[in-house]
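Undergrad: So you can see what is in the structure, the chains are spelled out below.
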Amino acid sequence: MSFTRRDTLRLAMGTAVAAAVPFKVFADVDADVAAFTEGAEIGEGGITLVAPEIAENGNTVPIEVDAPGAVAILVLATGNPTPAVGTFNFGPLAGAQMASTRIRLAGTQDVLAIAKMADGTFVQARQEVKVTIGGCGG
Amino acid sequence: MKKTLTSIGAVCFAMAVPFGQAFADEDADLVVNGELEITVRAPAPAHLENLDEITSGWVYRSTETQAFQLDDFENPGMIFVDSGLESWTTVEGEAGESCASCHGDAEEMAGVSATYPKWNDDAEEVRTLTMQVNACRTEQMGAEEWKYDKPDMLNMTALLASVSRGMPVNVAIDGPAAATWEQGRDLYYTRTGILELSCANCHEDNYGNNIRADHLSQGQINGFPTYRLKNARLNGVHSRFRGCVRDTRAETYAVGSPEFIALELYVASRGNGLDVEGPSVRN
Amino acid sequence: MADNVTPRIRVPREASAGETITIKTLISHPMESGQRKDGDGNVIPRSIINRFTCDFNGQNVIDVTMEPAISTNPFLEFQAVVPEAGTFVFTWYDDDGDIYTEEKEIAVS
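Chains as they are written, first to last, in numbering that gives the first Met the number 0: chain A, 0 to 137; chain Z, 0 to 282; chain C, 0 to 108.
Keep in mind the hints are simulated off the structure, nothing from the lab.
There could be a bad hint or two in this list.
As the list claims (entries may be wrong) - Cut-off 30 Å, straight-line C-alpha distance, at most; resulting in silico cross-link-like pairs (BS3-like, lysine-lysine): (1) C:K103 to Z:K146; (2) Z:K229 to Z:K146; (3) C:K36 to C:K103; (4) Z:K229 to A:K129; (5) C:K36 to Z:K229; (6) C:K103 to Z:K117.
Unchecked claim - Some but not every residue of chain A turned toward chain Z, in silico, with C-beta under 10 Å: (7) E55; (8) A105; (9) I132.
These numbers were taken from a predicted model, which means no experiment stands behind them.
Even glycine gets a Cβ: it sits at the ideal position worked out from N, Cα and C.
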């Protein structure tokens, strides 16, 4: 079997599309969200997610979540092979419902934070982080 | 300071790619723990003919990466300084000595890191700090050498750098060190590899520009050993040299080789006037 | 693992009663994700710190579930209310069953 240039291009594009839409990951994200919210509606506002617009290295990306009045905040890296990043559960002596940490991002993707509020409602914030690929392996 | 673009063979340097520039604050000042001011910009030393100002690699990093170094509790390199401090007081070898039994507190070594590599009269050689630590271990302690640029050694050199933070790099390039320094300078300007790049092509002609998505620095080594976000551990100067030479697609010199010792002396001298800031954090 | 795990913690020495303080913690740990392969192509087994807790005088401040997407040498920053003088207890739970605990006293003026 021989490939024409056009065939090769089409194949390459097919691969690119497949790579850009990892269905399994989306299913995992949905499952993680459902496990946290038990299917409840998710609103906007009342939660802040701070992440760099561009990360110099996907291996160590600083993030901060803040949701005044939350009992827990779930963080998901929606484009990672395993999207779960962590869950921050705030105790009675939490001075604020905020936390900072550093996370791994497998590539450019949305980071998603969902807060469970004290009244049982949920809110979310989403931020795209572009992960650059450097020129110098070192 | 902006550089004009120099065209170089097969490698494409991009002028100020908007997103490259958007996330580096080249005018930021480095103050550690809110009190320790680190000089990250200084007039170039007299021997440097092609630069007016020298700048630490810190200024070329993104705001987020810069921030890692502002607080010792956010700088992951400090974990390894703690490990180095444990080694400092640990008795090892036949002589029953530790570093501390000769030198006292690690803070007594303030300023030492800033003067290496350095000529050693007795050995009649230029020694890197790593070589000096190993000389102490074998000659004074009767202990085994630590491997060059491996964790035990990097922890120790990170400790020694940390107590010199805020003190200017000041390596001697004259007298008996001159021949080694000249060898290092020749290596710096020698093109290597399939890409035919010298150190200077990237770090003197194109700092501030982008090579792919990397924002090129002047290649200063005042921040070594450095914690890289990429591999989440300390990295030594010679390992970085090896990576750079390999990136030119050349056979590299070995870590600890006479060539890299000479190159380290020369590159360190290009930073005379910048403050020691190791363990730094880089991408 | 448990090799050379050294926590670094910053808690102010003193606070006023009811004050909110910032706590920073950093611990050395490879956080092996279970996604990587070694030179021979075999998957390197997952080995991470999977939970971190901070308590003050027996009451919880924060309880964090950690997944492999947390970076090597995990860093956490959070805030605590200090109702009275006492002791913070920090606990990291390793996949291998090891538990690392540190305590920090705080005075109330």
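Undergrad: For every hint, state whether the structure bears it out.
TA: Against the structure, the hints come out as follows:
Proposed proximity of K103 (chain C) and K146 (chain Z) is contradicted: the alpha carbons are some 36 Å apart, above 30 Å. Between K229 (chain Z) and K146 (chain Z) the alpha-carbon distance is near 22 Å, which keeps this suggested pair within the 30 Å criterion. Distance restraint check for K36 (chain C) and K103 (chain C): the Cα-Cα separation of roughly 39 Å exceeds the 30 Å cut-off, and the hinted pair is therefore not satisfied. With a CA separation close to 15 Å, the supplied pair K229 (chain Z) and K129 (chain A) stays within the 30 Å bound.
Note on K36 (chain C) and K229 (chain Z): the hinted pairing holds, with a Cα-Cα distance of about 17 Å set against a maximum of 30 Å. Distance check on the hinted pair: K103 (chain C) and K117 (chain Z) sit about 43 Å apart at the alpha-carbon level, beyond 30 Å; violated. The interface hint given for E55 (chain A) is met, as the beta carbon of that residue sits about 4 Å from the closest beta carbon of chain Z, less than 10 Å. Annotation: interface hint on A105 (chain A) violated; nearest CB of chain Z at approximately 14 Å, more than 10 Å.
Because the closest C-beta pair between I132 (chain A) and chain Z is about 6 Å apart, less than 10 Å, the hint holds.
Taken one by one, the earlier hints fail for this structure at numbers 1, 3, 6 and 8, listed in ascending order.
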